[in-house]
Each structure stands twice: as C-alpha cells, then as structure tokens.
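Please put together the full structure from these sequences, using the hints given.
Just so you know, the sequences run in chain order A and B. Following our numbering, the numbering of the first sequence begins with 1 at its first residue and continues without gaps. Following our numbering, the numbering of the second sequence begins with 1001 at its first residue and continues without gaps.
Just so you know, these hints were derived from the structure itself, not from any lab. Predicted, not measured: the structure shown is a model, and the values here were computed from it. Ideal Cβ positions, reconstructed from N, Cα and C, are used throughout, including at glycine. There's no promise every hint is true.
Stretch by stretch, here's where chain B covers chain A in the computed footprint (C-beta under 8 Å, at least three residues) [stated by the list, open to error]: (1) 68-82; (2) 88-101; (3) 119-128; (4) 144-154.
Now the in silico label distances, taken between C-beta atoms and shown as ranges [what the hints assert, rightly or not]: (5) Asp1062(B) / Gly86(A): 42 to 52 Å; (6) Asp40(A) / Ala1051(B): 28 to 38 Å; (7) Asp1122(B) / Asn187(A): 51 to 61 Å; (8) Arg1211(B) / Thr56(A): 22 to 32 Å.
Listed below are the residues making up each chain.
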Amino acid sequence: MVGRTVNSRELILGRLRAAIGPTTTTPAEVPRDYRPAGGDVDLDVLVHRLTDYRATVHRCSDAEVAKVVDEVLGGQRVVVPPRVPGHWLPATVAAVTDENLTAEQIAAFDGVVTAAAVAIAETGTVVLDAAPDQGRRVITLLPDVHICVLRTDQVVAGAPDAIARLDPNRPLTWISGPSATSDIELNRVEGVHGPRRLHVVIVPRP
Amino acid sequence: MTSTFLGMPTTAPRGVGHLRGDQSFPAAARRALADSQLRRNLGHATATIRAKSAAVIAEAPDWQQLRDAGAAIKADVMARLPELLEQLEAAVTAAGGTVHWAADAVEANRIVTELVAATGSDRVIKVKSMATQEIGLNEALEAAGITPVETDLAELIVQLGDDRPSHILVPAIHRNRAEIREIFLREMPGVDPALTDDPVALAAAARRYLRQTFLHTPVAVSGANFAVAETGTLVVVESEGNGRMCLTLPETLITVMGVEKVVPTWRDLEVFLQLLPRASTGERMNPYTSMWTGVSPGDGPQQVHLVLLDNGRSAVLADEVGRQALHCIRCSACLNVCPVYERTGGHAYGSVYPGPIGAVLSPQLTGVEENASLPYASSLCGACYDACPVKINIPELLVHLRAAHVTAQRRPTTESIAMAAAAYTMDHPALYAAAQRAARLTRLAGRRGRGLPPPLSGWTIGRDLPQPPPQTFREWWAER
Chain A
1 MVGRTVNSRE LILGRLRAAI GPTTTTPAEV PRDYRPAGGD VDLDVLVHRL
51 TDYRATVHRC SDAEVAKVVD EVLGGQRVVV PPRVPGHWLP ATVAAVTDEN
101 LTAEQIAAFD GVVTAAAVAI AETGTVVLDA APDQGRRVIT LLPDVHICVL
151 RTDQVVAGAP DAIARLDPNR PLTWISGPSA TSDIELNRVE GVHGPRRLHV
201 VIVPRP
Chain B
1001 MTSTFLGMPT TAPRGVGHLR GDQSFPAAAR RALADSQLRR NLGHATATIR
1051 AKSAAVIAEA PDWQQLRDAG AAIKADVMAR LPELLEQLEA AVTAAGGTVH
1101 WAADAVEANR IVTELVAATG SDRVIKVKSM ATQEIGLNEA LEAAGITPVE
1151 TDLAELIVQL GDDRPSHILV PAIHRNRAEI REIFLREMPG VDPALTDDPV
1201 ALAAAARRYL RQTFLHTPVA VSGANFAVAE TGTLVVVESE GNGRMCLTLP
1251 ETLITVMGVE KVVPTWRDLE VFLQLLPRAS TGERMNPYTS MWTGVSPGDG
1301 PQQVHLVLLD NGRSAVLADE VGRQALHCIR CSACLNVCPV YERTGGHAYG
1351 SVYPGPIGAV LSPQLTGVEE NASLPYASSL CGACYDACPV KINIPELLVH
1401 LRAAHVTAQR RPTTESIAMA AAAYTMDHPA LYAAAQRAAR LTRLAGRRGR
1451 GLPPPLSGWT IGRDLPQPPP QTFREWWAER
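Here you go:
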C-alpha cells in the first residue's frame, strides 16, 4: 500500500504541474480591503446576535455566576473541565470533573459549565480552544445544556480579530447559538445533535 | 505500469461515483417540471433562503471587498496548487496525521474502505460531504460489508428515503415536512408512531435515532470545507452538531477532500468564514465550526487521516478559463438564485453537483462530451455570478464550455448549420430581406401551442416562438 500511495502522490502532483504549466512560487498579492481586525467592540451587538440565534444571555459579576448556574441547572448533574473556577459552581449542582470520562458517562450529564477563549460580537460566536478551563471537545457536545462564561476582555469585534487571537494548533470549536438545522424547508430549527440550550454568561474583566 | 504520460491531467473515470446522469438535462428536466409538488417545495425553500441571505449580506458593509479577497485567494491557490498541497501534507504529518493521495474515485474508495476495515468496524458514521458523494463512497463501503450512516439530517432523509440528493447544502430540499414525516415513519427504526410533521419534532426524532450510533461507532468519514497549508488545520462548517459528533467521538477520523480545497494561510480563514455562512445558510455564522490540526492527545480521534482527491480536478485546472470552477466553496448560493434550478430541482442535472456551478463543474470533471447538455442548462441571466461569494463568472464558463462542446463535435449540428446559414444570409442583403419577409410565414407555423417543424422543433420545445411583426423594418422604412 505504501508503494501505491507514493505513486499516486507523484502522479497527482505531476498532473497538477502539467495543468498549470510553469509555476511561480511567489504568493499573489491578495486585496484585503475588508474591515481589518481591531474594530470597536460593542457588547450590546454581541448580546443581540447571541439572542437572535436563541442563546440565553446573562450579564453579572464573576461572583454571581454561581447564582446563574443554580437557576439554570440547580438540582441537576453537571460535568466540568479540570480548571473551571470553583466559585462558579453552586452547592445545588452535583459537579463532576472530566478526567477521561467515557462518552457514555458524559452523555448522562444534564449540563456542562465552561469558560471560553474568544467571542465575536458581530456574529454572536463563542470559540472554545480546549484549554483546561474549557476541557475536551466532547464535554460541551453531549450534555443538553451548555453554560459558557465569557469575560468582556475576551470579546472581539469580528472574525479577523478572532483568527488573530486563536492558536490553530489547538482543537477549536466555534459555537453560534444552540445546535440547529435548516434542512426542513430551509427554516432554522434549534436543537438537533449538540446542546439544545446555550447560556452565555458575560462577566466583567477581572 | 502504464504507458500514459504520468503528468497528463485526467478526467474522472466512468463507472464509479455520481458525476454523470443517466439522462440528458432536457429529458430529466421535463420529468421534474411535471411534478408540481416538487416545484412548490423548491420555490418555497429557495425564496426563504434568498431572503435570509440577502438580509445578512446587507449587514456586512465590506461584502464586495470580502468577495474580492476570496476570489484572489482562490486564484492564488490554483496557481500554486502542487506546492500548497506538499506544504499541507508536511504540516498534517508533523501534527500526527496521515496523508493519502487518491488519483481518482476508485482509489479514494479503496483507501477509505481499507482504513475502515483496519479498525475492525462494520459501520462508519459520516458527516455530509460532497467529495464522498462524488466518488460513490457509500456504495463502495456497502460492497465491502460496511454500513455507512449519514448523520446530517437532510442526508439522513435522502438515505432513509432511498432517494438522491438534489441540493449541495440541503440534499432533501425537494421534500417538504409532510413527506419527511412519512419517510421517518416508514424507514426509521424505533420511531414514535405519533410523530408529527413539526420540524422541531422531526429534528428530535433524528437526534434520538442517531445518538447511540454516535456513541458506539469507532470510525467516521468527513469532508473538509477548508484545509490550511501553512498549519495543517482542517475545517468543517456545519449546523446540527452531527459534524462535531463525527469529528470528536470516534477513535479514527478519515477526511476526504478535493485537492482544490486547500487555502494558503491561517489568516485566509477570516475571509472564508465571513463569506460562506452568509452566502450559504444566510446566517452571520453557522452554529458549529470545528477546526483540528492533526491529532490532539487525549482529545478526539487519535488516528487522523486525510485523503487528497484528484478525480478530474487536474483536467479542470488545465483549462485556464475553466479552472475558476475549482474556486467553488460549495455554498449553493448560485442554486438558490437560479431560475432554472428553482424550476427543475437538482436531480435533473444528473451529477451530485447541481445548479449553475454543477453545470460548469461536472462537464469539466468528466470531459464535456459526457455531460454535454449541462452547459446549456442555463438562460445566462447572470444571477449566479452576482450571488457567488468568490465571484466565479459562471455565465462566462457556460459559454466557454458550449464553445468547447461545439468544437469537439465532428459533424455539423442543426444549430451549427442554422448559424452558418444565418451568417451567409446576413452577408447578402437581398437574401436577408427575403428571409425577413419569409419569417412572416411562421405566423402560421408558430401559432400558440405549436412549435417549428423538425429539425427546428428542438428550439421551440423549450421556448415560445416570438410572433413576427406584420411588417419588416425594411418595409416600414421603404414606405416612409
């Protein structure tokens, strides 16, 4: 199989070289006249865009996060990443830290509480980068409720700012509202395979 | 092994995959046009998506600048494709992934089947992917005793209904909620018999049906929307979370990607992640986008494969005009604005790539003589060009391919004879005047409901013959 793979590689590259003829190795100049990174951040825009795509937004102090978690998931079972701040979790939830839980175990939890890496105001997007306060990708996928706590200094204006801040070597998940589909008559319906409810808690920078 | 010159750009092979229909476009379209339910479903769906897309595009003041950047990046990719693929291969390999090269559909199917078989699983979960539809991967897996499970809702509807996809983004666009309910009730094991046709209930039924399959299938197959040469990062853009399930839960992930999907730099994603959702689903951003670079220890699949697919793309690249069809990011905006697609639906195009982009991509992947009717499946109105987020000049390509088709034909066609006759007549004023007078005779021949006699009837099957004026311009001028 190795021999065949190598042959096909040379075959395809040879075909492509023949197709384009004498090549340049200099990247072409791309006109980037669109709005660059560094635009003003408007938190009201973020809240509007999150709400527009059926996420629930809460704004409070860092100390009040536990109260929000209690309101949403009080009395239920919650999975959390290894380094989620302990004071976010009220005594009313049974929080279990993900230490290589199986997918089946994670699917049995009612909710998950994480931090975030970046948020994009213009599109209402939260990005997770699997840092220890956000955890493995699977924990924000299987439980039905995701509470994501966002600091205002993590909010950027547009996609170019987010790309500039993120590290491509980490597994990244861009989340814009709860799981949804437009597959039935092209109407957006919330709630297919991912979490059916997304709560975003916006707290001031520390 | 073979006497063919190795570097010869080659079209996609026959007998495998879904790039060729079994009927010409006009024949298949006639059947679709007779289906009034299909036309209602399509009209409703395309009108909905056009309005949504227009609204979010209007929110982006720099939409035209983003289109310009997207077009320039794609043109750069085509000019440097071999080098970018080598760079991508090196980056993916360095991050712990394995890269495979597939010259055509047969080889891609064999590579994927062997990789799945090596896991020991007889089932694979799939994220919706145009590339794997193109190569007929599901049929190849089934032939090897492996069950492919489509997990995208629309793909699931198509698979359960034993149907064919008819739209790039929403393969079941030709089905309405009542039809989907019937398919689920008939074909979905364990479905609640009290299922209603409420889209929320239908989505919930799919969630319940697939959950255990997601949790217990050790291997997944995906496509890729983008692959970053600089970093080795692969990107899948989706809505439902079925993509995240497939990209996160299994031990082994196999991604099949057309070679043209590579982009040079990480920064280039800032352009395409703004263009694609707005043009495609009419959202500011789609619900979920996953990005992964090789293997992340302890998080997600630990065996990561990337299959780079040619299958005719080198032949498309060889045509300097035609190659812009490879710029396509599969948003389907051109389908949604096309007056022809809106009436015929996707099945009439035969290939998995329907609509305006299919009409220019499929004939180039197979060779124009094997999809010869597709470049004519358009009124050249130009709406597709305006809608394309990477500014593919589809009308220009259609005309280019029509010319290629005419040139390729050895014997004269009715059209070429008619055009030659017209040219001769227009060069001879007396003949031209006589022809204009004679045209009045068609007032008899072309009465409402009747076309021209053969061999000219081909022209009037799909068109109304204009009513000639009672007097020619020359006659009117002479009387003044």
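Kindly indicate which numbered hints from before are broken by the structure, ordering the numbers from low to high. Hint check: 1, 2, 4, 7 fail, others pass.
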